[in-house]
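Residue numbers (this note's numbering), protein chains in the order written: chain D, 0 to 225; chain F, 501 to 744.
Calculated directly from the structure, the hints in this document are not laboratory data.
Treat the hints loosely; a few may be bogus.
Unchecked claim - Straight-line alpha carbon distances no greater than 25 Å define the calculated DSS-like cross-link-like pairs of lysine-lysine that follow: (1) D:LYS122 <-> F:LYS619; (2) F:LYS620 <-> F:LYS684; (3) D:LYS137 <-> F:LYS619; (4) F:LYS522 <-> F:LYS556; (5) D:LYS141 <-> F:LYS620; (6) D:LYS22 <-> D:LYS182; (7) F:LYS512 <-> D:LYS141; (8) F:LYS614 <-> D:LYS137; (9) D:LYS137 <-> F:LYS512; (10) D:LYS22 <-> D:LYS164.
Stated by the list, open to error - Have a look at the derived ranges for each label pair, beta carbon to beta carbon: (11) F:PRO572 <-> D:LEU49: 41 to 49 Å; (12) D:GLY62 <-> F:SER525: 50 to 58 Å; (13) D:ILE90 <-> F:GLY639: 29 to 37 Å; (14) D:GLY62 <-> F:PRO572: 38 to 46 Å; (15) F:GLY629 <-> D:ARG219: 42 to 50 Å; (16) F:GLU615 <-> D:VAL36: 28 to 36 Å; (17) D:GLY62 <-> F:LYS610: 55 to 63 Å.
To be verified - Partial pick of chain F residues on the chain D-facing surface, computed with a CB cut under 10 Å: (18) LEU596; (19) TYR717; (20) VAL719.
Quick reminder that beta carbons are idealized off the backbone N, C-alpha and C, glycines included.
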Amino acid sequence: MVFVEVLVQYFPSFCIALGETVKLTAISLICATVLGVIFGLFKVSGIPLLKMIANLYIDIIRGTPLMVQVMIIFYGLSQVLRPYGFSWGDIGGNFTAGAVTLSLNAGAYMAEIIRGGIEAVDKGQMEAARSLGLPYGKAMSKVILPQAFRTMLPSIINQFIISMKDTSLISVIGIRELTQNGKIIAANSASRVMAIWLVVAAFYLVVCTVLSKVAVLVERKVSYGK
Amino acid sequence: MENKKILVKNLKKNFGSLEVLKKISLEVAEGEVVCLIGPSGSGKSTFLRCLNRLEKITAGEVNVDGHPISDPNININRVRENIGMVFQHFNLFPHLTVRENITLAPVELKKMDKENASKKAVELLERVGLADKADSYPGQLSGGQKQRVAIARALAMNPDIMLFDEPTSALDPEMVGEVLEVMKQLAADGMTMVVVTHEMGFAREVADRVIFMDDGYIVEEGTPEELFGNPKEERTISFLNKVL
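Can you build the whole structure from these sequences, using the hints too?
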């Protein structure tokens with residue numbers, strides 16, 4: 000079993016790489032959720048300027064590939080902003096650039112998910128909350144968003160899983176996460192290339208499975224009175 | 501003026517180019533129960549929703565409890581605290597228990613701490629006959645029970661005025677009575693009420709004044725005896741013939 004052999008031999012290095020993948024995913028998803036809520040709320044705000052800003056952001060992100068985005072943000076911004084004393088190296092290097100890219104990318108998709116979730120809540124809920132004297136923000140945070148969250152949850156989990164796997168594209172700027180780690184090992188051990196990539200795949204599969212299981216638990220937790 | 505709770509003068513409401521309310525004027529005194537009747541599409545609900553500005557007011561003046569609602573600069577949230585509203589489809593918050601539905605606004609708006617609000621919620625639930633449902637979720641209640649909780653929720657802010665938008669229209673017939681009973685009690689306690697309703701029996705029995713609306717106008721108003729017993733306008737007569 001070459002698979003087991005590779006797994007055992009490179010286990011420590013894959014574990015470190017897995018750590019990078021998980022770290023990149025976790026940081027990006029937290030930021031993406033914040034971005035998603037902000038721009039999702041912009042979209043349902045009914046204020047034309049905010050709506051326009053949100054649409055522009057979402058259209059640009061959705062209309063371009065992630066790998067190109069990370070090139071622009073890592074290499075492009077470095078070049079353009081260097082005269083102003085900016086360097087990715089000062090703020091965490093390629094990992095930060097990768098996290099920023101993935102956050103912006105997932106944030107745009109999350110914004111659409113959150114907008115959809117908010118719009119799926121019955122209009123009467125906002126009216127009832129406002130009629131009690133609750134200001135818009137309180138009505139949104141206490142009444143609308145908790146309900147929207149429940150309908151959004153499957154789509155959010157889906158986005159989390161997609162973003163987790165998208166970290167492999169970020170390897171293009173040299174972050175040694177799972178995929179990059181696989182590339183490096185494969186380069187030195189060409190005869191076992193199949194086994195190496197199967198090990199890489201297995202790591203992703205494990206993380207995704209864990210994420211899905213957590214999702215089921217959360218979904219069960221937020222179902223009310225049914 | 502002193503005891504006028506609601507003062508409406510030349511109220512107009514357009515949805516785009518559609519004129520839904522055409523110059524409505526109305527006064528409601530403290531403790532008065534006014535029922536709005538009329539065919540669907542006549543503007544009754546829209547009128548009611550203008551009273552707490554759930555609908556933007558196109559033109560005219562609306563004054564509730566001394567606050568000029570039609571003035572875009574007033575703090576509408578403050579005014580709404582004093583105007584309870586009950587909706588046709590209940591609009592209970594499904595993710596909160598009955599108790600939390602009732603305590604949400606008083607606690608969030610810092611009218612009461614959690615403990616007192618909860619105590620008050622139980623009192624209100626007793627009043628509507630649902631004390632045992634405090635920890636149920638709305639999804640576990642019948643329509644009539646939901647609407648009684650909705651009334652309790654609206655009362656939690658201690659409003660001076662209650663607006664009812666077809667509160668029994670979405671209920672199964674056997675549940676209409678329990679909701680009307682609560683409303684009657686409220687009327688008897690001296691609450692100022694404006695009720696959009698198709699329950700002519702309720703209007704006849706409880707209303708101090710009945711208003712017939714059609715096509716964005718107030719066509720006729722009077723005491724229940726006058727309006728049901730001796731309607732003067734052609735449109736009122738034809739409407740009453742259809743529903744009675």
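Structure-based check of all given hints:
Pair hint D:LYS122 plus F:LYS619 does not hold up; C-alpha atoms about 30 Å apart against a cutoff of 25 Å. Under the criterion of a C-alpha separation no larger than 25 Å, the hint pairing F:LYS620 with F:LYS684 is consistent with the structure, at around 21 Å. Only pairs whose Cα atoms come within 25 Å are accepted, and D:LYS137 paired with F:LYS619 is accepted, the gap being roughly 23 Å. Proximity of F:LYS522 to F:LYS556 is assessed by CA-CA distance (about 14 Å); at most 25 Å being required, the pair is judged to hold.
The suggested pairing of D:LYS141 with F:LYS620 holds, with an alpha-carbon distance near 20 Å, which does not exceed 25 Å. For the suggested pair D:LYS22 and D:LYS182, the alpha carbons sit about 19 Å apart, so the restraint of at most 25 Å is met. The hinted pair formed by F:LYS512 and D:LYS141 fails the criterion: a straight-line CA distance of about 33 Å is larger than 25 Å. Proposed proximity of F:LYS614 and D:LYS137 is supported: the alpha carbons are some 17 Å apart, at most 25 Å.
For the hint pairing D:LYS137 with F:LYS512, the CA-to-CA distance comes to about 30 Å; that exceeds 25 Å, so the pair is violated. About 13 Å separates the Cα atoms of D:LYS22 and D:LYS164, which keeps this hinted pair within 25 Å; it holds. At about 20 Å, the beta-carbon gap between F:PRO572 and D:LEU49 misses the expected band of 41 to 49 Å. Between D:GLY62 and F:SER525 the C-beta distance comes to about 54 Å, which sits within the given range of 50 to 58 Å.
Taking the beta carbon of each, D:ILE90 and F:GLY639 are about 49 Å apart, not inside 29 to 37 Å as hinted. In this structure the supplied range 38 to 46 Å holds for D:GLY62 paired with F:PRO572, their Cβ-Cβ distance being about 39 Å. One distance hint, 42 to 50 Å for the beta-carbon pair F:GLY629 and D:ARG219, is violated here, with the actual separation near 33 Å. Range check, F:GLU615 to D:VAL36: Cβ separation about 32 Å, and the 28 to 36 Å hint holds.
The hint said 55 to 63 Å for the Cβ distance between D:GLY62 and F:LYS610, and at roughly 46 Å that hint is violated. Against a cut-off of 10 Å between C-beta atoms, the interface hint on F:LEU596 holds, since the closest Cβ of chain D lies about 8 Å away. Because the smallest distance between the Cβ of F:TYR717 and any Cβ of chain D comes to about 25 Å, over 10 Å, the interface hint for this residue is violated. Residue-level restraint check for F:VAL719 is violated (minimum Cβ-Cβ distance to chain D is 28 Å; threshold 10 Å).
Of the numbered hints stated above, those contradicted by the structure are hints 1, 7, 9, 11, 13, 15, 17, 19, 20, listed in ascending order.
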